[in-house]
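Asker: Two chains, two frames, a set of hints: combine them into the complex.
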Amino acid sequence: MSGTPSLFEMARLQMVRDLRLALRRGGEWLQPLVFFLVITTLFPLTFDSQLSRLRDVAPAALWVSALLSSLLALELLFRDDALDGTLEQLAVSGTPLSWVLLAKTAVHWLLTGLPLVLMAPVVAGALGAPYEAIPGLLLPLALGSITLSLIGAIGAALTLGLRRGGVLLGLLTLPLTVPVMIFGAGASVRIIAGQSAAGPLYLLAAVAVLALALAPLAIAAAVRINVE
Amino acid sequence: MMLLEARNLHLWRGETHVLRGVSLAVQTGQCLQLTGPNGAGKSSLLRVLCGLLLPAEGQLFWRDLDCTRELGPLQRECAYLGHLSGHKAELSARENLAYLCGLRRRCSSNDLDAALEAVGLAGAAQHRPLRQLSAGQQRRVALARVQLQRSTIWLLDEPIANLDIQGQELFHRLLASHLKDGGCAVVATHQPLSVSESALVRLELQA
Numbered sequence: 001m002s003g004t005p006s007l008f009e010m011a012r013l014q015m016v017r018d019l020r021l022a023l024r025r026g027g028e029w030l031q032p033l034v035f036f037l038v039i040t041t042l043f044p045l046t047f048d049s050q051l052s053r054l055r056d057v058a059p060a061a062l063w064v065s066a067l068l069s070s071l072l073a074l075e076l077l078f079r080d081d082a083l084d085g086t087l088e089q090l091a092v093s094g095t096p097l098s099w100v101l102l103a104k105t106a107v108h109w110l111l112t113g114l115p116l117v118l119m120a121p122v123v124a125g126a127l128g129a130p131y132e133a134i135p136g137l138l139l140p141l142a143l144g145s146i147t148l149s150l151i152g153a154i155g156a157a158l159t160l161g162l163r164r165g166g167v168l169l170g171l172l173t174l175p176l177t178v179p180v181m182i183f184g185a186g187a188s189v190r191i192i193a194g195q196s197a198a199g200p201l202y203l204l205a206a207v208a209v210l211a212l213a214l215a216p217l218a219i220a221a222a223v224r225i226n227v228e
Numbered sequence: 229m230m231l232l233e234a235r236n237l238h239l240w241r242g243e244t245h246v247l248r249g250v251s252l253a254v255q256t257g258q259c260l261q262l263t264g265p266n267g268a269g270k271s272s273l274l275r276v277l278c279g280l281l282l283p284a285e286g287q288l289f290w291r292d293l294d295c296t297r298e299l300g301p302l303q304r305e306c307a308y309l310g311h312l313s314g315h316k317a318e319l320s321a322r323e324n325l326a327y328l329c330g331l332r333r334r335c336s337s338n339d340l341d342a343a344l345e346a347v348g349l350a351g352a353a354q355h356r357p358l359r360q361l362s363a364g365q366q367r368r369v370a371l372a373r374v375q376l377q378r379s380t381i382w383l384l385d386e387p388i389a390n391l392d393i394q395g396q397e398l399f400h401r402l403l404a405s406h407l408k409d410g411g412c413a414v415v416a417t418h419q420p421l422s423v424s425e426s427a428l429v430r431l432e433l434q435a
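Protein chains in written order, with the numbering used here: chain R, 1 to 228; chain X, 229 to 435.
I should point out that these hints are in silico values taken from the structure, not numbers from a laboratory. Watch out, some of these pointers could steer you wrong.
Unchecked claim - Covered stretches of chain X, as calculated for chain R (at least 3 residues, CB under 8 Å):
#1 233-239
#2 280-290
#3 313-327
As the list claims (entries may be wrong) - Which residues of chain R face chain X? A few of them, derived with a C-beta cut under 7 Å, are:
#4 P5
#5 M10
#6 L13
#7 L21
#8 R24
#9 A82
#10 D84
#11 G85
#12 T86
#13 Q89
#14 V92
#15 T95
Quick reminder that beta carbons are idealized off the backbone N, C-alpha and C, glycines included.
If we strip away everything but chain X, and leave its shape as in the complex, we get (with noise of 0.2 Å):
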């Protein structure tokens, strides 16, 4: 079931053209990776497909809607994770987790503690402030609260950033499993992703 479609999106960043004409198509199960150098505009697609930036032409469409003139239902059930991850480094992990979780579904103790333990953040960590964690455990935070969120397309910018090998594993499984659960995803990175080829589609961007 095809999910998302971009058709012939363009982008303007002051007199920079961004995007120049991208199409793109999603479907259930399919991840598709960003690639290209920097600059060719891989984080500006991500934050097009979000809503956070509107194109200057082409359109989107999620479910069959048009999201050029509704952005809601896409971003109900979108999952997105920039470079920058929205945490409170005065907050701990759970506290973090509870208000941006919190604010898009109702969330239990329960939930939060899965979450957090499924990125292997248990006891005592969960509780001490962000700031008292390392970079790699805090962007573990993040994938929990991309988790936590059970939206069915996850957004990622750069998502194995800062991870240690055992937490690029972790990323691996859960993308996955949100794979083999109906989702789809859509990750700008230059790593190889571990997702079988057939539901693997590539997207190399131009600068």
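Just chain R, same shape as in the assembly (with noise of 0.2 Å):
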């Protein structure tokens, strides 16, 4: 066997080692589904008996707990790969780059992105959301959370080579997931108030293929930027 493998076969390689590598630490990927959990959990604590009042604020309690439960494990995202020279050796391989940390990228989305959709019913039920909306709710934050998990790895790669690179990380990252944000939030109080949300979710759509063609050129940029 021999030959240079596809990118498909690349991506495979780079995702297997990742969950493997992710299984193998134990609960370290739990902590941003956790973090969204104790959030969104502690909105309804917070607020008086009146369930309008907080199905209201709902959607910015899913979208602003998201984006902080996304934030939370940015910062590991090329840490131990800087650290042990893996980035080195994927800088060196002549292979595309930008593909490669895609594809890690992707594992990051699946491994901490996925999870908070996935959850997001329930969290969504216990904010009050009526149940008729609550399937509707998570095409949005699904394209919200895979946007988020690239602007958030540019933000990781460029912070690498940092120390307390965690709140820079947090400063440049932020301001870009404004338009997410909106678009997101507008998309799901539409959706909970019974309304069409076609033109959000078209612009967040829109903004999640924008990211999705230009953050691995960036992320690889400010990769091999770290490696030097």
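Answerer: Quick look at the structure:
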């Protein structure tokens, strides 16, 4: 067996390796999910007993919690690979770095973003969202969490070589997430109100496609700078 | 045949002028040994040669192609072993090799077995997490990776570190075999290299 692996094979290698590492490292990847559940559980407890008021803030609570949870795991996204020389090996391997790092970011989303989406029905129910609206909330959250992972990965790559990079990571990443938050929360508000959310959903999808196209290039450039 | 050539390389790290007009040439079957005191720039030169660092001035050629503009052809034929191995302590030797080598070329299970057996890691040791192996065994895994990549040029930074006498002999056998097969190498080490004098070129860097 010889020859150069295809892009698909490279992505599979990267994803299998990162998933295997996540499983062997125990519950580290569960932390964002637990954080998400704790924050969203605190919201109903801090509100008065009027369900309608809680329902009004449900989209904001859902999206801000999702954003903060996704930030929590970002600092570690590339750090271990930088410390043990994996990023150096990737940078000199002659393989398309942006593609391999996109696969790595995809695993990050699978471990931190997807669980949030899957838990969203429970959380939305606890926040007073009508049951018939709950399935509709999954799509904007899925699109939004993908974009948050991609934007976050740029920040994580840029702050790789910095001590206390976590604070700077937040400062770099949060402004870039504003469109995601506006369109995502906007779509969720309309879905809960029983209205059509096509407009904000299309915009959210457009932002996701844009991030998918540009973020891997930015991540790869930032990683190359940091392995120097 | 000339494979790698560097002309008048200059590199700055902050205020320090690390490489001051370094020139070198490596041909097929040749091993260039980099020596010099600590801080002379041996590791930095290796990082420049594999494209991890960009020189402030100078030119780098791989098979007469100017690598200052396009590093792809050089990197596709280069195996780099620095101070950091790029291996994960939670993964086994096999899993680490399957990942790092698999990104460059398709490796079968037999390829992995053969590469690990060649460096003295047969049987259960291949499947234990790397953290359970000694520093010398981990270095052997790194050498297995270099060999398995089947690259034309090896860029090795202190490859003998942590290796026992048998490990050092093993490294010299691998290096000799690589040179005999038409490869070349640039090795930064203070230890004498057991390579035939006709194949060995030395470059001493000054601090």
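Asker: Tell me, in ascending order, the numbers of any earlier hints that this structure violates.
Answerer: 1 and 9
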